[in-house]
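My request is simple: use the sequences and hints to build the entire structure.
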Amino acid sequence: MKKKTMPTLRDFVEGIGKASTIIRCDCRDMIAFTGDLTLTLLFICRHPGKIRWRETLYYMDLCGSQALPIVLMICYLMGLILGFQAAVQMQKFGTEIFVADLVGFSILKELGPLMVAMIATGRAGSAFAAEIGTMKVNEEIDALSTMGLSPMRFLVVPKMLAMLVTMPVLTVFGDVAGLLGGMTVGVTMLDLPMVVYYNRTIEVLSPTVFNLGLVKSVVFAFLIAAIGCMRGFQSENDAQGVGRATTSAVVTSIFWVVVADAILTMLFSVLGF
Amino acid sequence: MVGANKFRLGVFVLLGVVLFLGTVFFLGLSDIFTKKARLVTLFQESVQGLAVGSQVKYKGVPIGSVDKIIIQTDDKLIRVDMQVDPSIFGAGREFSAEDIEETFYKFFKSEREIGLRCRLEYAGITGLKYVELDYFDDVSKNPVLPKPTIIGNRCFYIPSTPSAFKDILKLINHSLESISKIKYEEISNATAGALNEMKRLLQDPKLVQAIHTMERMSTNLEKSSAALNKVLTEDKIREIVARMEDVLKSLDNLARQVNKQVESARLDETATSFRSAAQAVGETRQMLTHTLTKMNQALDSITELANYLGEDPSSILRGKNAPQVKFPNN
Amino acid sequence: MSVQQTDKKIVEVTNLTVGYGKNVVLRDINFSVNTGEIFVILGGSGCGKSTLLKHLIGLYQPFVGDVLIFGENIVTAGETQKSLLMRRFGVTYQSGALFGSLTLAENVALPLEEYTRKSPAEIDTIVREKLRLVDLSGFEDYLPAEISGGMKKRAGLARAMALDPTLLFFDEPSAGLDPITSAELDRLILRLRRELDTTIVIVTHELDSVFTVSDRVIMLDDDTKGIIAEGTPEALRKHSANPWVREFLNRSNMKRKQA
Chain A
1 MKKKTMPTLR DFVEGIGKAS TIIRCDCRDM IAFTGDLTLT LLFICRHPGK IRWRETLYYM
61 DLCGSQALPI VLMICYLMGL ILGFQAAVQM QKFGTEIFVA DLVGFSILKE LGPLMVAMIA
121 TGRAGSAFAA EIGTMKVNEE IDALSTMGLS PMRFLVVPKM LAMLVTMPVL TVFGDVAGLL
181 GGMTVGVTML DLPMVVYYNR TIEVLSPTVF NLGLVKSVVF AFLIAAIGCM RGFQSENDAQ
241 GVGRATTSAV VTSIFWVVVA DAILTMLFSV LGF
Chain B
1 MVGANKFRLG VFVLLGVVLF LGTVFFLGLS DIFTKKARLV TLFQESVQGL AVGSQVKYKG
61 VPIGSVDKII IQTDDKLIRV DMQVDPSIFG AGREFSAEDI EETFYKFFKS EREIGLRCRL
121 EYAGITGLKY VELDYFDDVS KNPVLPKPTI IGNRCFYIPS TPSAFKDILK LINHSLESIS
181 KIKYEEISNA TAGALNEMKR LLQDPKLVQA IHTMERMSTN LEKSSAALNK VLTEDKIREI
241 VARMEDVLKS LDNLARQVNK QVESARLDET ATSFRSAAQA VGETRQMLTH TLTKMNQALD
301 SITELANYLG EDPSSILRGK NAPQVKFPNN
Chain C
1 MSVQQTDKKI VEVTNLTVGY GKNVVLRDIN FSVNTGEIFV ILGGSGCGKS TLLKHLIGLY
61 QPFVGDVLIF GENIVTAGET QKSLLMRRFG VTYQSGALFG SLTLAENVAL PLEEYTRKSP
121 AEIDTIVREK LRLVDLSGFE DYLPAEISGG MKKRAGLARA MALDPTLLFF DEPSAGLDPI
181 TSAELDRLIL RLRRELDTTI VIVTHELDSV FTVSDRVIML DDDTKGIIAE GTPEALRKHS
241 ANPWVREFLN RSNMKRKQA
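Chains as they are written, first to last, in the numbering used here: chain A, 1 to 273; chain B, 1 to 330; chain C, 1 to 259.
Bear in mind the hints are in silico, worked out from the structure with no lab data behind them.
Among the clues, some could well be false.
Calculated cross-link-like contacts (lysine-lysine; reagent style DSS-like; alpha-carbon spacing at most 30 angstroms) [as the list claims (entries may be wrong)]: (1) B:K181 <-> B:K294; (2) A:K92 <-> B:K57; (3) B:K68 <-> B:K147; (4) B:K36 <-> B:K6; (5) A:K18 <-> C:K22; (6) C:K238 <-> C:K118; (7) B:K206 <-> B:K223; (8) B:K147 <-> B:K109; (9) C:K8 <-> C:K82; (10) B:K36 <-> B:K57; (11) B:K6 <-> C:K118; (12) B:K183 <-> B:K294; (13) B:K106 <-> B:K147; (14) A:K50 <-> C:K118; (15) C:K8 <-> A:K50; (16) A:K50 <-> B:K6.
Just the calculated beta-carbon pair ranges, DEER-fashion [as the list claims (entries may be wrong)]: (17) C:T116 <-> A:F43: 15 to 23 angstroms; (18) A:R24 <-> C:D197: 49 to 57 angstroms; (19) C:T166 <-> A:M30: 50 to 58 angstroms; (20) A:I202 <-> B:I151: 25 to 33 angstroms; (21) A:I263 <-> B:R154: 23 to 31 angstroms; (22) A:F268 <-> B:D99: 52 to 60 angstroms.
From the three backbone atoms N, C-alpha and C, an ideal C-beta is built for every residue, glycine too.
See below:
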């Protein structure tokens, strides 16, 4: 009987080596995909006539207007929750009016773009991965290639454009809904007159804060669309493979969205916004 | 077939754009369209708590914000530029934009003459400050800083006056520093010395002896009076009176003897020096007690202040028992 | 109309070794396809027929070897060159590979919209013509999900022919079809060659099709990872040196006799 060996240091080191190889491959794929995507986007910029407008509109509808109700609801509730939590703490100090500051800044700077990105990851990112994965299983991607058509331009660009347009719009809606959520708490729970809360919000927030949130959402849109499509293309050629690709798309998207959020926040503060 | 609900999409995008423009406008893009007037002031004191974007108020009415804070290297004064919306100074009439500006500058010029000054005020418990424009009582006492040589186009200079609120931190620091200046070591050393001296004095053998002698003397006296009692019966009264002289004589002797003994013990001198020593100790102790009581009081009041601030920090600004802000419910 | 059989080579494969990852599937493959012939790549399941096809059409990069199509090397071609080369031949896939989001007409129209400057009306005419050719008139506005497997394959064929290629690749044309539909597809393939003079390369394991349509076959074997027989199916069935090849081809004959 073969002796069961304890995991040695050697195994551990080998494990690290294997993991890093996988990570390296993943990174290389990502960089290659980004390069390909950039070239395609540049091509599209030079030849705007080559954009598949019908698909683009379809995805705008799918990722934008159809996502609006859930975005409004989630962001409103987010504002409500934030406002409530802040109110409980602020009431102790008699500084209820600062709830407006807290809700305003949190929603506009972070939570608005972030919540919309999370919803978009769940709705659009996973849909993109599943769609492209299924097309791969169906050999539709091969068919596109052999027709001499770039899958990137055909499948990714419409999704990318749709996301880049709809995400900031959704974020605008989300921001406003979040602020309304905060105001609801201010007016009902803290008995602040609506005008007072409104004036305080207007006073502390600036268009810059609002616009930086939208800049974030554009970056998130790019990441979600790119990662969703990339994972779709990387999908294995079976039903389980498509499932795994979808899961991976969501997880990878969330990870990179949060990383990008951190980087952007630091960048903005370095740039002095 | 891939088909978008174009109507829904259109509504979505248009609504989004409208909402975006609306939000940007309400959050302050409207400022771009209103003409701004500029005020400049100079501060000698620290502007700790003032930042770009801090409010500027005229008698409590927000009229603008701090635009720039510059340190003038030649005179170490801090120059604060402010942006002010002149349309707030409307005199209740409709004006054209030029009129408003003219009215604004005219108003400020006349007001500066009669004592309009800038002062830093606390904006809340966070230590943030804003610039208050008002007519302060102590204006005449404080010298007006000269107008900066380089002043921008359409900038208006308003002198500043030191803030009534000295920095609270500085105050506390100052009192703590004074407390730390008390020389506890010296006081305790002196006390210990005095006590030692007293101890030494009490242990002096001469004093002990003197006390013994006095004891013995009083015993003798007691014995004598007892003997006297025995002798003092009715039938012997005469004899007593007769022998009084003898007794007195012997008493005299005794007294003389006592005197001699006391003299030999130099009781007088010892007692005096003892008394003065005790007095000195007492004085020192009293002084020590006094100092400690004072210190105790000082510490008590600091603790009280700290407690009070802990319970109601905004009282730094409002003072004690300021009425709570209530918004009208309607 | 007589079949024009010239010896001009339209596809030429030399020293091709292909595989996935580190596994070699086929080693040192050499063959060529002449203009105008129907060439069948035959083999049992899992011997690498489809893999070979995907290397022929330039989807995968081989380990070594060259594939010349129309005299141009698709292995070493750059992206643009490859894309241009790919437009000159058509490929139909096992399941049709129609774009699920587009109707049949739109699927066929896609390459025309992309590569020609024809007006929508002209495109529409061509699309109807191609769909008629594959007996799908009247199904222009159907979605791929709404039609049967055989119809999908024919629609895929219509799309592959949209740009009138002179070379067509078929991946398992009769897989998953009932014998009658399969036979119809074979007749369609023959008709295409007759009417349009197209060179056709078919990958299949269906022996009925092989005997019906093919001019020449190669047989792949997964043990030797190479070609074990090459020639006309009849000649191979009767005279092949390899008993396994004779057996493989005769089995279908037996089956046909039984039927």
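Here's how the hints hold up against the structure:
1. B:K181 <-> B:K294: holds, 14 angstroms
2. A:K92 <-> B:K57: holds, 28 angstroms
3. B:K68 <-> B:K147: holds, 17 angstroms
4. B:K36 <-> B:K6: violated, 44 angstroms
5. A:K18 <-> C:K22: holds, 17 angstroms
6. C:K238 <-> C:K118: Roughly 51 angstroms between the alpha carbons, so the hint for K238 of chain C and K118 of chain C is violated.
7. B:K206 <-> B:K223: holds, 26 angstroms
8. B:K147 <-> B:K109: holds, 13 angstroms
9. C:K8 <-> C:K82: holds, 22 angstroms
10. B:K36 <-> B:K57: holds, 15 angstroms
11. B:K6 <-> C:K118: holds, 27 angstroms
12. B:K183 <-> B:K294: holds, 14 angstroms
13. B:K106 <-> B:K147: Holds, at about 18 angstroms.
14. A:K50 <-> C:K118: Within the cut-off at roughly 15 angstroms; holds.
15. C:K8 <-> A:K50: violated, 37 angstroms
16. A:K50 <-> B:K6: holds, 21 angstroms
17. C:T116 <-> A:F43: 15 to 23 angstroms: holds, 20 angstroms
18. A:R24 <-> C:D197: 49 to 57 angstroms: With a Cβ separation near 51 angstroms, R24 of chain A and D197 of chain C satisfy 49 to 57 angstroms, so the hint holds.
19. C:T166 <-> A:M30: 50 to 58 angstroms: violated, 40 angstroms
20. A:I202 <-> B:I151: 25 to 33 angstroms: holds, 31 angstroms
21. A:I263 <-> B:R154: 23 to 31 angstroms: Since the Cβ atoms of I263 of chain A and R154 of chain B sit about 42 angstroms apart, the hinted range of 23 to 31 angstroms is violated.
22. A:F268 <-> B:D99: 52 to 60 angstroms: Since the Cβ atoms of F268 of chain A and D99 of chain B sit about 41 angstroms apart, the hinted range of 52 to 60 angstroms is violated.
In summary, the structure is inconsistent with hints 4, 6, 15, 19, 21 and 22 from the numbered list given earlier, while agreeing with the others.
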